[in-house]
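There are 2 protein chains.
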Amino acid sequence: MTSTVLRTGILARLTLAVRPSYGPLVLVDRSAASLVHLASWCKFFSRSMSVQTGFTVPPPKSLQQPLSVPKRLLLGPGPSNISSRVQEAGGRQIIGHMHPEMFQIMDQIKAGIQYAFQTTNNLTLAISGSGHAAMEAALVNVLEPGEAVLIAMNGVWGERAADIGERIGAKVQKLVKTPGESFSLQDIEKALVQHKPVLFFITHGESSTGVVQNLDGIGSLCKSHNCLLLVDSVASLGGAPLFMDNQEIDILYSGSQKVLNCPPGTAPISFNERACQKIFNRKTKPTSLYLDMGWLSNLWGYDESPRKYHHTSPITCLFALREALAILAEQGLENYWKLHQENAEYLHKGLEDLGLKLFVKDKSMRLPTVTTIAVPEGYEWKDITNFIMKNYQIEITGGLGPTIGMVLRIGLMGINCTKANADLVIRALKDALEHCKKSKH
Amino acid sequence: MTSTVLRTGILARLTLAVRPSYGPLVLVDRSAASLVHLASWCKFFSRSMSVQTGFTVPPPKSLQQPLSVPKRLLLGPGPSNISSRVQEAGGRQIIGHMHPEMFQIMDQIKAGIQYAFQTTNNLTLAISGSGHAAMEAALVNVLEPGEAVLIAMNGVWGERAADIGERIGAKVQKLVKTPGESFSLQDIEKALVQHKPVLFFITHGESSTGVVQNLDGIGSLCKSHNCLLLVDSVASLGGAPLFMDNQEIDILYSGSQKVLNCPPGTAPISFNERACQKIFNRKTKPTSLYLDMGWLSNLWGYDESPRKYHHTSPITCLFALREALAILAEQGLENYWKLHQENAEYLHKGLEDLGLKLFVKDKSMRLPTVTTIAVPEGYEWKDITNFIMKNYQIEITGGLGPTIGMVLRIGLMGINCTKANADLVIRALKDALEHCKKSKH
Chain A
845 MTSTVLRTGI
855 LARLTLAVRP
865 SYGPLVLVDR
875 SAASLVHLAS
885 WCKFFSRSMS
895 VQTGFTVPPP
905 KSLQQPLSVP
915 KRLLLGPGPS
925 NISSRVQEAG
935 GRQIIGHMHP
945 EMFQIMDQIK
955 AGIQYAFQTT
965 NNLTLAISGS
975 GHAAMEAALV
985 NVLEPGEAVL
995 IAMNGVWGER
1005 AADIGERIGA
1015 KVQKLVKTPG
1025 ESFSLQDIEK
1035 ALVQHKPVLF
1045 FITHGESSTG
1055 VVQNLDGIGS
1065 LCKSHNCLLL
1075 VDSVASLGGA
1085 PLFMDNQEID
1095 ILYSGSQKVL
1105 NCPPGTAPIS
1115 FNERACQKIF
1125 NRKTKPTSLY
1135 LDMGWLSNLW
1145 GYDESPRKYH
1155 HTSPITCLFA
1165 LREALAILAE
1175 QGLENYWKLH
1185 QENAEYLHKG
1195 LEDLGLKLFV
1205 KDKSMRLPTV
1215 TTIAVPEGYE
1225 WKDITNFIMK
1235 NYQIEITGGL
1245 GPTIGMVLRI
1255 GLMGINCTKA
1265 NADLVIRALK
1275 DALEHCKKSK
1285 H
Chain B
845 MTSTVLRTGI
855 LARLTLAVRP
865 SYGPLVLVDR
875 SAASLVHLAS
885 WCKFFSRSMS
895 VQTGFTVPPP
905 KSLQQPLSVP
915 KRLLLGPGPS
925 NISSRVQEAG
935 GRQIIGHMHP
945 EMFQIMDQIK
955 AGIQYAFQTT
965 NNLTLAISGS
975 GHAAMEAALV
985 NVLEPGEAVL
995 IAMNGVWGER
1005 AADIGERIGA
1015 KVQKLVKTPG
1025 ESFSLQDIEK
1035 ALVQHKPVLF
1045 FITHGESSTG
1055 VVQNLDGIGS
1065 LCKSHNCLLL
1075 VDSVASLGGA
1085 PLFMDNQEID
1095 ILYSGSQKVL
1105 NCPPGTAPIS
1115 FNERACQKIF
1125 NRKTKPTSLY
1135 LDMGWLSNLW
1145 GYDESPRKYH
1155 HTSPITCLFA
1165 LREALAILAE
1175 QGLENYWKLH
1185 QENAEYLHKG
1195 LEDLGLKLFV
1205 KDKSMRLPTV
1215 TTIAVPEGYE
1225 WKDITNFIMK
1235 NYQIEITGGL
1245 GPTIGMVLRI
1255 GLMGINCTKA
1265 NADLVIRALK
1275 DALEHCKKSK
1285 H
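First to last, the protein sequences are chains A and B.
In the numbering used here, each residue's number is its place in the first sequence (first place is 1) plus 844.
In the numbering used here, each residue's number is its place in the second sequence (first place is 1) plus 844.
Warning: the hint list may mix true and false statements.
Any copy, or any two copies together, can satisfy a pair, since identical chains are not distinguished.
Stated by the list, open to error - 25 Å max Cα-Cα, derived DSS-like pairs, lysine-lysine: (1) K1067 <-> K1021; (2) K1127 <-> K1015; (3) K1129 <-> K1015; (4) K1281 <-> K1226; (5) K1152 <-> K1226; (6) K1152 <-> K915; (7) K1282 <-> K1201; (8) K1263 <-> K1207; (9) K1201 <-> K1021; (10) K1021 <-> K1274.
It is worth saying that the hints were derived from the structure and are not from the lab.
All chains, full assembly: derive it from the sequences and hints.
Written as structure tokens, this is what we have:
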């Protein structure tokens, strides 16, 4: 089909369409085409859209080319490359989102998230969206307008959470640290006493700064101040120790596209009983129906009642997530944590041997999954990332939010977390430092 | 790994982990394991999580089984089966969501949606979620608290839109018809005069009732009453004539998993200039950051400024959507419309020959993609759908929302829209009517 044909108008086109030799009608049962059919079709057409109508937009030329996806080694802060088993699952033919076999797969995903989060929470599921959607799901379900929420801000994720809190009409209180720092129990307790929030938000793996937050003690502190603890583990899950139940985290969410090596599009989330008490005793409905846990809890088998249609879940993404969680369960969380820690330390040493400075000074605060390097003096960060993309087909990135212009970020996550990849990115950086011009003074 | 090993505690496990013979550590560079490493790892562990910690959740047994996905012919109201080309695209290795090649693919998707919608709107994109998320995106971006919205309700989709409108704090006015009916220009004009809404919502393909709404004239009517027109085309896009620009539709959205034969997880949406005027001149921020068109418009290249990170888009779902739109462009909209109309009529005749009664009496109001049959007298609808699933591995479904218990629903969409499938489902229904017990009187 060409746009010229389109422009000849509907009736001419319909007459053409009964010609047996007409090309594009491959799916049409041509033998059934008759004058009777044509007449009914024309009537249908004129009924459906009156005289002023015509095609105004031809099929786009850009879609006539085959889909082109270059090969990339994704060593940025995410997404990371997908494992072949997960890829295969994501490319499967689908079944219905309300078929019993789909519910079984969802139950398996729930069990896999419970393992990954180290929780027995019944309300554990995958949000049909990115990690960002899970952040929003947590906040819109827990918070009601006028309630106080305390947000720990030491990078971009706290900024985002504060933004969402404000949109909901919550009273947003900010506990701010310079990007690259983390929060002490004393910092947090002081703010809890001052603001009396119903919810405290903190990021475990701050991928914009490369900081891992020590979570020990925060849960019980929040509990003693009658406050729920919400933790973002998008960039840390599977790569740094995390125990939802033992660390008394009330709400925890993550993403699929980091350590799990799964395509983006689903996001694990879990609520404990304290959190459920809050969200199922709201006075107002959450501002989002799409993310409403009243519906989603039922869809994911939280209660005993039959599952009701809410939305069409991203079926192939759930297949992929199921496989990604199965791989994590096979490898074992503690092995994965150890792997990420060891390879991060190996990378850090290599970077320092190159003369580069790690952005996070305190070794114990370095996130094992995403490493931040201070932009080497005199260089434009973009020159370096562009050089490495162009010459090595490797993605490493600059900063995000408050760290833009300050850092370079390297992620070694899941299947990408190997010493070979660490060596490769070190070599690429060495090459970049030799070849990129120093443009700043 | 077994749960027994897990229960032996972290330190025992760590000691085990340096044994070269230790099984599951396949990804760990064992040669690097040394006492120095072990010491640092133990220190790291004890720092990350104090003494009370231990693993409480073993890897789930259900994830030790391979992923099992039965083969199904999906002839319900959606999702429909995926074409092999789309499947292949959805199973590809990914690139970064902010790579120029990804933006190029997004541009191609935008062009494909513009063709499918017959619009030249610059603000045309795919939402990272289901059709339901697109409905929410339309409403939360256009409506501000206190504004009046008029919702045409003749099935489940109007109910959903009204629910979202209320959550946002809009003044929701309902224009109600019995399920199975549609709206006349007179109905609509009367309600526009009475309620003076800023937005009117109507469903083109009411898949819960099987009704297609004639859209002619509604756009100009809304315009003359200073009201924006929002149309849901999730179940109709590609299967029934629709011209966004010529029909003066201000906001239009759809889904990926119906006629497009694409996995669920993305949803096309488009806003015209009138709609942009409204959404970019809001006094308040939309209640959702995830769906905020201020961010998403930039991410999809609406303005000239560099694209900024907002969320990680569902990369493989976008690959799949790109291919689904390319197939639609190759086949040609008018051929697809004709195909769906002809095969629906063929199916309708076959069903009536069986003695079944179509739920929508007026032929001109029958949705070509989803056919509704009155539940045959004396039968439990669930017995029929279960029989057909069990004996034919074909999905047809019961009603939804207000039509539960009233109808059976059959979808012939995209690659599933063939006379052979119509014949097959007619034969399956005949068989079901013969074998299912009449339990009602």
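**Asked** Which hints from the list above does the structure break, by number from lowest to highest?
**Response** As far as the earlier hints go, only 10 is violated by this structure.
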